[in-house]
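2 protein chains.
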Amino acid sequence: MQAAVYEGPFTITVKERPKPIIKDDGDAILKVQLAGLCGSDLHAYRGHQKTTTGHIMGHEFLGVIETVGPAVHKFKVGQKVMSIFSPMCMKCWFCKHGYTNRCQNGPSFGSMALDGGQAEYVRIPFADSTLETIPDNVDDDLMMLMCDIFPTGYYGTMKALTKLMQNTETAENILNFKPLQSAPQLSYTRQQLKDVTIVCLGCGPVGICGVLTAIALGAGTVYAVDSVPDRLEQARNMGAIPLTLGDDDILSIIKTATDGRGADAVVENVGNRAAMRLAFDLVRPCGVISSIGFHQSDLPFDAFEAYSKNIDLNMGRAAVRPVFGEALRILIEHQDKLSSFISHKMPLTEAAKAYDMFEKHQARKVLFTL
Amino acid sequence: MQAAVYEGPFTITVKERPKPIIKDDGDAILKVQLAGLCGSDLHAYRGHQKTTTGHIMGHEFLGVIETVGPAVHKFKVGQKVMSIFSPMCMKCWFCKHGYTNRCQNGPSFGSMALDGGQAEYVRIPFADSTLETIPDNVDDDLMMLMCDIFPTGYYGTMKALTKLMQNTETAENILNFKPLQSAPQLSYTRQQLKDVTIVCLGCGPVGICGVLTAIALGAGTVYAVDSVPDRLEQARNMGAIPLTLGDDDILSIIKTATDGRGADAVVENVGNRAAMRLAFDLVRPCGVISSIGFHQSDLPFDAFEAYSKNIDLNMGRAAVRPVFGEALRILIEHQDKLSSFISHKMPLTEAAKAYDMFEKHQARKVLFTL
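Protein sequence lines correspond, in order, to chains A and B. So in the UniProt record's numbering the end of the first sequence lands on 370, straight run, no missing numbers. So in the UniProt record's numbering the end of the second sequence lands on 370, straight run, no missing numbers.
Extracted from the complex, chain A is given alone in its bound form (with noise of 0.2 Å):
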């Protein structure tokens, strides 16, 4: 078959490659039909992510299954799914109790671990938690986004929401002393997020499903922060406030519209040291910063900053699997927003050349045809 293969660092070369095959009772073998570039295959692509060479790439990916193995039950051959971008067992105590992020048995499609899906076939191990059937109303194209960009940039923002609205109280409930006769509940209402100023830190295609999911779960106010005008551009129409990078005084307009106090919640998807710090400059204190950005080095704040700041922060990558529900039923219900996410469709067959235009930013995101 053919097969995108990694061969080192800004080298993509489609080549033939053996056709996968069942290896574990739980696998089902795909075959590809469409196939996603995403902004975390370019980590390795530009060196910056150390790994061996000669893996598949891709863990964005839809297709037919061709083949199931003796203990996959949820799926037959023949039907029409899309996998989420790393495979979870849901056996071991991470995915039992909802950390589908931190699978000690998934090894992460597009790795030296297990070849990735910018192929003509692919090997869904745990089959049955790592498919995902398509519904009727949801377009292919748009279905890819719910492989990894959609439900990770919708954990982000929804991560920040969620906590700020368990930090509030309302002052009535605090005036009124009234021993509580149960443990403490989140109040979490439609009301309280209005009065929300949320800032979205990077647009890429990560940080704009985040802004449409604060516009979605209906944050009052939310800020969307790039220096690409064009992503700048799709977050105003979702109705954000953009502010460019490098243009704008961030700082001094978050805390101008917030009567000097700053954001209520940080959504950091960016993952470097500026964005961080400025993620923690924006927040006001006792704020959240959520964030899902990949970051290598230091944290750019100290302890006592911290805690005089009484910060709240959220790291790591997004678990799908949790919040795949919610988010598709965002993705389905906002669908109109998104109708120019997908920027090119291209054949397998010219992944090298998509990979440097994605690396260049020439392409807002790319789908590759099988």
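What the hints contain is simulated information worked out from the structure, not anything from laboratory work. Worth double-checking, as some hints may not be accurate.
Which copy is meant is left open, because identical chains are indistinguishable; a pair holds if it fits in one copy or across any two.
[Claimed, not checked] In silico lysine-lysine, BS3-like type, Cα no more than 27 Å apart, as pairs:
(1) Lys15 with Lys76
(2) Lys80 with Lys23
(3) Lys91 with Lys255
(4) Lys91 with Lys194
(5) Lys194 with Lys96
Small disclaimer: the values here were computed from a predicted structure and weren't measured.
Got chain A; can you put chain B on it based on the hints?
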């Protein structure tokens, strides 16, 4: 009147000072009956916290109201009351939203901005929101814990457990694809808490109140870490598993007890670099660190580590007002476990001696009688 005055590091002098008078309409003047010596008084006493000299120390006290300003409506002259450690206006944005720990108008008792209560009389700004009545079924000595250490210890542990429950989703909810009709809700059940392993780092006055909170809220397994045998004995009597810093291999014990995962939550009550690093090492992926200790250094973990562990971190001082009722309920219900908490009662005239003993860990908790 007589008052314990800060005259520089390691120098507390009891001397004559003018009796305070009403300055603002919301003030009350309290005739002090009991005043506490708190661990945070030691920050200035030891010279770690830079401050001017000449102010009256102390932020824990109860007594009888002698005068009230015209805007005080909830309390009357002659009423017996206690004070929360820091006045709060309940009118600024932060107070109105429950973040009384970041009140924009309330100076701290026992600081250069506001004389404290280790004196015969003390002025209470924002008396209606800063004072609390004393329930009939609570002893005065015990109620002194409600000025600061008990709600602070409660807050640190409650934050850890509440955040933990917020992060938890059952596998059942996850595996059933079910688009939600509303925003995510916190599921917080006694049953889930039974499975929780929580580590309380530091069993000084605040830490031990946090240990009791963890037991009272129903956390299944509570570890208490300190180096002082007397503190660990207290923790053991409350139902915690004591671990001796320096003797026990704490990391190995916690890892073994959790099948290699680490603790679900760690409460950091100490406020130094080593304790924060231990907290990070002890917590499992997707776990919670709640840090109530006062930090002055950098954070002893980097962004890559925090990303890779999906860390959930909450820092900063307690918001007492929102948790006062629930904390008091627990204090009353579990008061038998705190019967030996107050180790020394001394007249205020012996303040210099008391500070010296307390600083040397020769007293668990000191109250001054007036």
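Quick check: which numbered hints come out false for this structure?
1
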